[in-house]
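The sequence shown stops at residue 329 when you use the working numbering, and every number in between is there.
Think of the hints as simulated: they come from the structure by calculation, not from any bench. Hints are supplied without guarantee of correctness; some may be wrong.
[Claimed, not checked] Quick list of the computed label-pair ranges, beta carbon to beta carbon:
| id | residue 1 | residue 2 | range |
| --- | --- | --- | --- |
| 1 | Glu146 | Lys103 | 15 to 25 Å |
| 2 | Tyr47 | Glu128 | 34 to 44 Å |
| 3 | Gly23 | Lys228 | 17 to 27 Å |
| 4 | Ser191 | Glu128 | 44 to 54 Å |
| 5 | Tyr47 | Asp178 | 45 to 55 Å |
| 6 | Leu251 | Ile92 | 31 to 41 Å |
| 7 | Leu265 | Ile92 | 53 to 63 Å |
| 8 | Lys89 | Glu139 | 25 to 35 Å |
| 9 | Lys142 | Gly216 | 32 to 42 Å |
| 10 | Lys61 | Lys230 | 37 to 47 Å |
| 11 | Ala200 | Gly23 | 21 to 31 Å |
| 12 | Lys103 | Ser168 | 22 to 32 Å |
[Stated by the list, open to error] List of simulated lysine-lysine pairs, BS3-like, C-alpha gap at most 25 Å:
| id | residue 1 | residue 2 |
| --- | --- | --- |
| 13 | Lys61 | Lys228 |
| 14 | Lys10 | Lys203 |
| 15 | Lys89 | Lys225 |
| 16 | Lys52 | Lys230 |
| 17 | Lys138 | Lys176 |
| 18 | Lys13 | Lys53 |
| 19 | Lys13 | Lys61 |
| 20 | Lys103 | Lys176 |
| 21 | Lys247 | Lys261 |
| 22 | Lys225 | Lys10 |
| 23 | Lys176 | Lys142 |
| 24 | Lys217 | Lys203 |
| 25 | Lys217 | Lys196 |
| 26 | Lys61 | Lys89 |
| 27 | Lys176 | Lys196 |
Glycine residues also receive a C-beta, built at the ideal position from the N, C-alpha and C atoms.
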Amino acid sequence: KNQKTEPIIKLTKYLSENEVSGGFLTDYERRAMALMAMGLNPYNTNYENYIKKITDSFDGKQFGNVQEDNDDIFALIVLQNAGFTQTDKMIIDDIAFILSKQKENGSWDESVDMTSAAIQAIIATAGENIENELAKAKEFLKDNQEDNGGWGNVSSTAWVIGGILALSEKPEDWEKDDNTPLDYFAKNQGSDGGIKNDNAQNKIWETAYALTAFSGKTWNQIMQKFEKPKEEITLEKREQLEEKLEKILALLEEKKTTENKTLKLAAAKNIASNTETTRTLEGKNETEKMKNSAKQNTATIINSLGESDAGTKKIGWFRKLLNEIFGNF
1 KNQKTEPIIK
11 LTKYLSENEV
21 SGGFLTDYER
31 RAMALMAMGL
41 NPYNTNYENY
51 IKKITDSFDG
61 KQFGNVQEDN
71 DDIFALIVLQ
81 NAGFTQTDKM
91 IIDDIAFILS
101 KQKENGSWDE
111 SVDMTSAAIQ
121 AIIATAGENI
131 ENELAKAKEF
141 LKDNQEDNGG
151 WGNVSSTAWV
161 IGGILALSEK
171 PEDWEKDDNT
181 PLDYFAKNQG
191 SDGGIKNDNA
201 QNKIWETAYA
211 LTAFSGKTWN
221 QIMQKFEKPK
231 EEITLEKREQ
241 LEEKLEKILA
251 LLEEKKTTEN
261 KTLKLAAAKN
271 IASNTETTRT
281 LEGKNETEKM
291 KNSAKQNTAT
301 IINSLGESDA
311 GTKKIGWFRK
321 LLNEIFGNF
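All chains should be modelled from the sequences, with the hints used to inform the complete structure.
Shown next as structure tokens:
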């Protein structure tokens, strides 16, 4: 059991501790595929977000170099296993770009490797809508199968087997001159179990490709699925948000101050207007009072004068009568 798990542990440790040496987008995409195949999170391994490296290269239509399509094909394989779906605009546009790069003979780049990779990339998200494209790609692979059952070399043959499996077909049913892709692998396997190759480094890689093919799974099935993480707010982003919030609050405060000034000015005008009206009314009332008072005073004087005259008249008549009777005294 230890002999089986120890190499896996070492490989996992290597992938998690060593950064990508190349600077191409495909370097990050292949590393993400390897990580996901080992169950390591491509969003955060070795303090690196490999998915962000991929999505940041999207220009609105395709990933990476617009003259190439391999970076778009590998991006699609990775992203559809990293929480992205056929409803994401990025995925929809990438599929459209990949399909636009298919040649008349059904291939991508005249390559069995890339054609097989493209099949695995697009079939999972657009399978029912691309039957014609898949049929043409399958025909290209069939036409390029060699008499020994393989496609030029071990790695290419391994990729083709992945395409065959993605088409829900069996490698053993793909015969050419009575040889299948599995027969090709068997003929290229050394006594030590590895693929025959004088170059040790190439031997390791080709053996790894062969194991992938013999697993009976496509890359989409080998890679573990990961969900999109909830967006994390970095310190830099937090400071940016706080700065924006402060500006918004300042604008609101300025607006509030302006509104208060406007209200106070309107209130002051209203008070002034009401005061003037009150003064006018009070002035009118005072004038009316004065007029009424004058009328009352005049009437009083007149009445008083009337009463005085009446008294005088009464005294004059009585005296006259007395004078007439008794004479003046």
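* Asked: Tell me, which hint numbers fail for this structure?
  -> Checked against the structure, the hints that fail are numbers 9, 10 and 19, while the rest are satisfied.
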